[in-house]
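Trainee: Protein chains in written order, with my numbering: chain U, 4 to 102; chain F, 4 to 102.
These aren't lab readings, by the way, just hints derived from the structure by calculation.
Any given hint could be a false lead.
Claimed, not checked - Here are the computed lysine to aspartate or glutamate pairs in the EDC-like style, where the Cα-Cα straight-line distance is at most 20 Å:
no. : chain 1 : residue 1 : chain 2 : residue 2
1   : F       : K40       : U       : E64
2   : U       : K38       : F       : E57
3   : F       : K38       : U       : D60
4   : U       : K38       : F       : D60
5   : F       : K35       : F       : D73
6   : F       : K25       : F       : E57
Unchecked claim - Facing chain F, from chain U, some residues (calculated, C-beta under 7 Å):
no. : residue
7   : F39
8   : F42
9   : F46
10  : A47
11  : H62
12  : E64
13  : W65
14  : F66
15  : N67
16  : V68
Ideal Cβ placement from N, Cα and C applies to all residues, glycine included.
There are 2 protein chains.
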Amino acid sequence: MKHEKLSTEAITSSLAVLEGWKLEDDGLAIAKSFKFKNFGAAFAFMTEVAQAAERLDHHPEWFNVYNRVDVRLTTHSAGGVTALDFRLAEAMEKAARIH
Amino acid sequence: MKHEKLSTEAITSSLAVLEGWKLEDDGLAIAKSFKFKNFGAAFAFMTEVAQAAERLDHHPEWFNVYNRVDVRLTTHSAGGVTALDFRLAEAMEKAARIH
Chain U
4 MKHEKLSTEA
14 ITSSLAVLEG
24 WKLEDDGLAI
34 AKSFKFKNFG
44 AAFAFMTEVA
54 QAAERLDHHP
64 EWFNVYNRVD
74 VRLTTHSAGG
84 VTALDFRLAE
94 AMEKAARIH
Chain F
4 MKHEKLSTEA
14 ITSSLAVLEG
24 WKLEDDGLAI
34 AKSFKFKNFG
44 AAFAFMTEVA
54 QAAERLDHHP
64 EWFNVYNRVD
74 VRLTTHSAGG
84 VTALDFRLAE
94 AMEKAARIH
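Isolated chain U (complex conformation) (with noise of 0.2 Å):
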């Protein structure tokens, strides 16, 4: 499925029901930075993402360091956002929920 970019107004409307999500300066991407317990509870949490990545076939840029993961999400085919990257952002606060 062909995913479009949405506009500024429309990201700004979907980032409104999301806890800590951004959309970074030059609006091509949106972003968060998670916090964990420890390291172990961190990639657990990156373990059941990846999971959500592949079913999607939409993958995270993200960096860890600890209990701490910063994830960038877009859509480099549609260069910025799309609905696909909001999909992959839910599924992220689900895992963070339960680690």
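Here the structure of chain U is known, so what remains is to put chain F in place on it, guided by the hints.
Mentor: Same frame as chain U, now just chain F:
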């Protein structure tokens, strides 16, 4: 176990036997960029390394996008590179060989 910061000479000599690792310009960390055939292989590598990290109680700083994993190893408590970083680097080399 307390790990002591290694001298630049000791780091250089340990790096000589590791493929593709380098000392960062500030001398505080060793780093490598790993490439795999796809996201699944990259994350399988990360999963194996995460287990080694927990065993060593020593954790990487790492960034993943699709098939690429950029790794930075340093020992914060020692303010530089220690033997622990080389143990984790060796575990990464071993994990990379099977993915």
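Trainee: Please go over all the hints and tell whether each is borne out by the structure.
Mentor: Outcome of the hint check:
1. Taken as a hint, the K40/F and E64/U pair is honoured in the structure, with Cα atoms around 17 Å apart against an allowance of 20 Å.
2. Taken as a hint, the K38/U and E57/F pair is honoured in the structure, with Cα atoms around 18 Å apart against an allowance of 20 Å.
3. Under the criterion of a C-alpha separation no larger than 20 Å, the hint pairing K38/F with D60/U is consistent with the structure, at around 19 Å.
4. With a CA separation close to 19 Å, the supplied pair K38/U and D60/F stays within the 20 Å bound.
5. Restraint check for K35/F and D73/F: satisfied, since their Cα atoms lie roughly 6 Å apart, inside the 20 Å limit.
6. Pair hint K25/F plus E57/F does not hold up; C-alpha atoms about 24 Å apart against a cutoff of 20 Å.
7. For F39/U, the shortest C-beta to C-beta distance to chain F is roughly 12 Å, which exceeds 7 Å, and the interface hint is violated.
8. Interface restraint check for F42/U: the shortest CB-CB distance to chain F comes to about 5 Å, inside 7 Å, so the restraint holds.
9. Contact between F46/U and chain F, as hinted, is supported at the beta carbon level, the nearest pair being about 5 Å apart and thus within 7 Å.
10. For A47/U, the shortest C-beta to C-beta distance to chain F is roughly 9 Å, which exceeds 7 Å, and the interface hint is violated.
11. Below 7 Å, beta-carbon pairs count as interface contacts, and H62/U has one with chain F at about 5 Å; its hint therefore holds.
12. Checking E64/U against chain F by beta carbon gives a least distance of about 4 Å; that is within 7 Å, so the hint holds.
13. For the restraint placing W65/U at the interface with chain F, the shortest Cβ-Cβ distance is roughly 6 Å, inside the 7 Å limit, so the hint holds.
14. Hint on F66/U holds. Least Cβ distance to chain F is approximately 4 Å, under the 7 Å limit.
15. At its closest, the beta carbon of N67/U sits 6 Å from a beta carbon of chain F; the interface hint therefore holds under the 7 Å criterion.
16. Checking V68/U against chain F by beta carbon gives a least distance of about 4 Å; that is within 7 Å, so the hint holds.
Of the numbered hints given earlier, the model fails hints 6, 7 and 10; all others are met.
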